[in-house]
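Using the sequences plus the hints, can you model the full thing?
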Amino acid sequence: MLAISIGKKLVRAVAVLLVVTFVTFCMMFGNADGIAKGVLGLDAQPSDVQKEVVKLGLDQPLLVQYGKWLLGVVTGNLGHSFFTGQSVNEALATRVPVTFSLVIVTLILTMLLSVVIGVTSAIYGGWIDRCVQFLTVLGAAVPAFIIGVALVFAFAVAIPLFPATGYVPLTQDPSGWSKSIALPVLALLIGSVAGAASQIRGAVLDVQGRDFVRTLRARGIRETPLLFRHVLRSASGPGLTALSLQTIALLGGAVFVEQIYALPGIGQLANTAAQQGDVPIVMGIVLVTIVFVLIVNLLGDVANAALNPKSRVR
Amino acid sequence: MSSRPTTESVLARSRQPRRRRPLIIRLLVNPLGAITIAFLLVVVVLAVFAPLIAPIPPNATQLSDVNALPFSPGHLLGADQSGRDVWSRLVWGTQPTIVGALIVLSVSVIVGVTGGLVAGFFRGTTEATGNFLSDVIMSLPGIVLLIALYTLTGPNIPVAMAVFGILVAPTYFRLVRAVVVGVRSELYVDAARVVGLSNVRIIGRHVLWAVRGPVIIQSAFIIAAGIGIQAGVDFLGLGDPRQPSWGSVMQDSFNNIYNNPVGVWWPALLISLTILSLVLLGNVLRDELQSIGVKPLSKAQQRKLAARAGKSFGRPAPQHSSAIAVRDLRIGYPQRDGEILEVVHGVDLEVKPGEIHGLVGESGSGKSQIAFSTLGILPREAVILEGSIWLDGQDLLADRKKGAKARGRKIGYVPQEPMSNLDPSFTIGAQLTYGLRAVQSISKKDARAKLLALLGRVGIRDPEQVFRMYPHEISGGMAQRVLICGAIASDPDIIVADEPTTALDVTVQAEVLELLRELSRERGLAMILVTHNLGVVADLCDVVSVMRNGLIVEEADVESLFAEPKEAYTRELLDSSRSVEIIEEAS
Amino acid sequence: MSEPILRVTDLDVTFGSGRKNAKQVIDKVSFELRAGETLSLVGESGSGKTTIGRAILGLAPVTGGTIAFRGETISNIKRSERRKIAREIQVVFQDPYSSLNPSMTVEDILVEPLKSVGIRDGRKRVRDLLDAVGLPGDAGRRFPKEFSGGQRQRIAIARALALEPSVIICDEPTSALDVTTQARVLTLLRELQERTGVAYLFISHDLGVVTAISDRIAVLYRGRIVELGDAAQVSFHPRDDYTRRLQMSAPVADPVQQRARREERLRLLAAHTSAAG
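Line order of the protein sequences matches chains A, B and C. Oh and the first sequence: position 1 is 1 in this note's numbering, straight run, nothing missing. Oh and the second sequence: position 485 is 485 in this note's numbering, straight run, nothing missing. Oh and the third sequence: position 25 is 25 in this note's numbering, straight run, nothing missing.
Since the hints were made in silico from the structure, they are not lab data. Each hint should be verified, as a subset may be incorrect.
Reference listing, derived: stretches of chain B covered by chain A, where coverage requires no fewer than 3 residues with Cβ under 8 Å from a Cβ of chain A [to be verified]: (1) 131-138; (2) 234-248; (3) 251-264; (4) 479-492.
On a predicted model such as this, the values are computed, not experimentally measured, just so you know. The beta carbon of each residue, even a glycine, is placed where N, CA and C say it ideally should be.
Put into structure tokens, the structure is as follows:
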């Protein structure tokens with residue numbers, strides 16, 4: 001039954017969420033003295049450090065702290081910054097849309113481009129396929145931050161076309177917004193499309209070699225409907241998996257890209273907060289990140305169940 | 001049920017060279033392999049001999065040389081905004097890069113490979129736990145976790161790389177687990193257990209050997225990932241500020257990009273080329289360690305080869321009427337060395353209307369090749385060197401478009417394996433209806449009615465229910481009947497059946513043969529029946545052609561062939577077949 | 001009447017646990033195998049014949065009943081105990097392509113069982129084994145992929161013989177082979193039995209094949225033995241309906257005879273359906 005299978009996946013997602021947040025929480029909140037010193041300064045007196053520890057609630061057992069944090073998450077309160085005292089919710093509220101607009105735009109473009117490139121490469125073979133294989137190796141190998149810097153060099157310094165820094169919110173000025181995320185999206189897009197296209201190509205080639213495709217061809221079904229109706233349907237499972245994996249990579253890449261292009265997103269915030277030792281903010285960002293990943297994976301699983309009846313049995 | 005080799009699989013195996021040279025030689029002979037290994041050796045040399053190669057200590061500043069250009073005296077790659085020599089800093093930064101990458105490799109191999117071995121071999125809850133942990137670890141972007149780690153450890157690259165090693169361990173885990181599960185189900189592992197080998201010996205001798213290839217290939221990619229993430233972490237400023245590193249040089253040059261744009265090139269190139277070399281080396285390793293198929297020839301190459309064969313297509317049609325006539329068919333497959341290996345050496349075959357023609361031979365004789373070529377579904381690599389196939393006055397090989405039109409309409413196909421020949425994503429009804437409407441202009445309602453009646457005719461007890469089911473929900477015998485239904489739904493003149501009963505139980509086989517005979521008589525259907533089973537031939541066929549090594553050695557009507565076989569090979573086949581039959585001895 | 005070398009009593013094999021997942025594959029199967037004889041287990045897919053073989057070899061769990069070898073129970077014993085009788089019960093599998101490790105030379109494959117029981121100079125035996133199955137002496141240095149299906153099966157038979165067992169379980173050893181090769185391999189198996197006195201438990205879906213090679217035949221249907229008796233009796237004068245159906249369904253390589261058999265079979269079927277209806 002479809003509902004049971006989705007229910008199982010939901011339970012598993014929650015379990016993953018709990019394990020990841022617990023491990024990260026213990027890792028970050030474990031060093032109570034270190035955190036207090038970070039807030040007060042490295043040369044703080046031990047007595048002051050101890051007072052700070054108690055003030056920040058870091059003296060309680062980790063499990064209790066985690067429990068309190070979790071309770072806060074459920075009620076919508078992610079805690080407060082150790083440095084500015086600002087609510088984590090507030091700090092994230094302005095930044096989450098920035099990162100998400102970046103990631104979602106890249107994801108949509110990745111879906112479109114990687115499917116077109118991967119499928120074309122698999123169907124036509126020949127020199128198109130060889131070109132695509134070569135370019136995808138290149139694109140997937142070079143790290144996103146290097147591509148990001150190279151783009152700044154090419155399109156902001158050498159031939160000034162796009163702004164190298166700054167973000168314009170979509171609601172404020174759509175054309176400005178698109179210009180401000182053009183280079184960041186491109187930096188992420190190259191690696192993302194390269195990875196996904198190569199996996200989709202593999203999935204299509206694999207399905208094409210299967211017996212039932214040969215039988216359908218022998219039945220007289222033309223190549224185009226054979227491709228769109230049958231081959232792509234069976235290749236969609238591995239294709240969706242590939243796209244889910246790319247989403248995780250995109251979130252990672254976003255951290256670098258926000259740094260390079262000075263976009264006020266959660267990646268940039270995570271970096272600065274970590275260097276300051278502002279643990280609640282980093283924890284909040286970890287939560288947001290993993291929730292996003294789990295939602296995307298669940299959507300992928302739902303889509304897969306809809307397209308591939310065999311997967312519903314499990 | 002039985003897994004006989006096909007001509008294609010026999011060819012694929014024969015393409016493997018007998019003696020293989022050692023791996024390292026093969027890598028160096030491959031041009032890409034040689035280049036990447038050379039580059040990586042240079043990087044290693046830089047790391048090991050850094051103090052000797054770098055002209056200037058890494059943190060030495062020379063204020064007069066701020067933003068010096070490349071190739072200026074004393075600064076091969078220029079200087080950064082603090083007057084430090086870029087080349088020296090990159091050289092000094094090589095060693096920590098390699099050390100960090102090796103930490104990633106060791107941790108991920110130890111955790112991932114061991115975990116995969118244990119999970120794959122013992123399965124059960126161990127495997128389930130391993131899968132769950134693997135999913136958990138893979139669900140967070142690495143850099144986010146490393147940033148979180150920084151709050152605990154501060155700038156500590158070795159620890160960060162160890163944690164990253166754990167983060168990428170799932171790639172090894174999944175890989176190794178899949179290989180181990182596959183090997184475990186191989187019969188040679190069962191044989192080892194029967195002989196009494198302990199688990200440890202089985203893992204050591206059989207399992208590890210199968211795993212080593214994929215692990216080596218993956219390691220190249222993992223080292224590349226380690227270098228990338230380390231450079232990234234340094235680039236963000238989370239690395240050790242006292243030591244130069246590739247990422248920190250990149251960060252400095254990026255912050256200075258408007259004053260010294262060219263400066264970003266050097267660290268960017270070094271990082272990118274190292275990573276690329278590793279990835280390309282991984283691809284070369286993959287090509288060498290895992291067998292690759294031969295690339296199919298393009299249409300132009302096919303035409304060239306056909307022309308070289310000397311003959312041409314497009315001969316005059318045969319005079320008398322036949323359901324299908326094959327003339328002078330030659331098929332070949334390209335080999336690794338570029339030559340074409342012929343598997344069908346000039347075959348003539350003629351099937352009269354309504355006749356059931358058996359095509360008998362052992363594995364690798366080429367009988368399936370002939371069947372596939374009449375249907376136009378030979379594998380992509382196959383090359384038709386010569387010949388014509390006449391159906392309804394048209395040569396299917398001379399004009400591919402006509403061939404495509406005949407498929408499904410005039411000539412139907414019944415395949416061997418029932419389950420793998422149905423599309424798993426659609427219900428039986430949807431597949432059959434769509435298939436019928438693709439070749440006949442008929443309304444959906446009429447198609448459904450016709451197919452339901454036909455399903456009943458082929459012996460399916462509840463056609464309406466089967467219509468709604470998916471392929472994985474029906475049995476093998478039912479699936480074969482569905483396939484037969486699909487083949488005859490469009491009222492073709494001839495059916496090509498490729499070992500249609502080999503995968504079925506013998507009682508089901510008898511029923512399906514009976515069904516095929518009835519359908520042939522009712523509809524005047526001609527049939528080409530490909531089989532290795534002489535009993536099936538005796539039961540169903542009117543005329544028999546015996547194939548051996550790509551040639552038809554004997555053709556006769558069924559009674560003459562069995563009573564008075566002319567060829568020695570035919571006699572051998574008959575004798576072997578009869579030696580294992582339940583024929584009552586004459587008392 | 002000598003003590004049977006292998007005795008299976010009320011064997012039950014159920015896979016999976018719990019009410020939903022449990023699948024009973026073997027249901028109270030009993031039979032005996034005497035020294036030097038060939039007993040065949042015949043059945044279609046789902047009959048459980050392969051599972052019985054695997055249970056005897058210790059590759060499938062026994063959930064009920066016992067298997068005894070020379071009077072001693074061998075079902076569900078510890079791995080260490082199992083190794084002691086491993087010398088006595090060996091196997092030849094169906095698929096000659098996956099039953100030999102492709103990365104080992106033929107010599108390594110044949111020496112492996114000898115090493116596992118502690119025989120040091122197994123290499124000398126390899127020549128004798130290759131000889132016994134009709135393979136050239138230099139085959140030891142080559143890899144399985146250089147041999148045809150029939151030759152690989154001979155290597156598998158040689159491996160089974162290496163420990164000089166008293167029982168060999170033959171799990172569909174000729175089903176994946178061409179008909180001419182099949183005949184040759186069956187001849188080889190017969191010769192080996194004459195020479196060494198080994199007993200065969202021969203598993204197959206092909207009633208014709210088992211008739212050619214067996215002394216006695218057991219017919220299996222859905223995990224139960226429906227008929228057990230002398231080969232000639234079971235094949236030519238079957239008492240059970242299912243056996244009769246099996247026998248009638250396999251086509252013979254003689255069109256005239258086959259036509260007669262077909263008509264007989266259809267007549268029987270019609271008689272059955274009208275009796276049932």
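We went through each hint and held it up to the structure:
no.: 1; hint: 131-138; verdict: holds (count 4)
no.: 2; hint: 234-248; verdict: holds (count 4)
no.: 3; hint: 251-264; verdict: holds (count 5)
no.: 4; hint: 479-492; verdict: holds (count 4)
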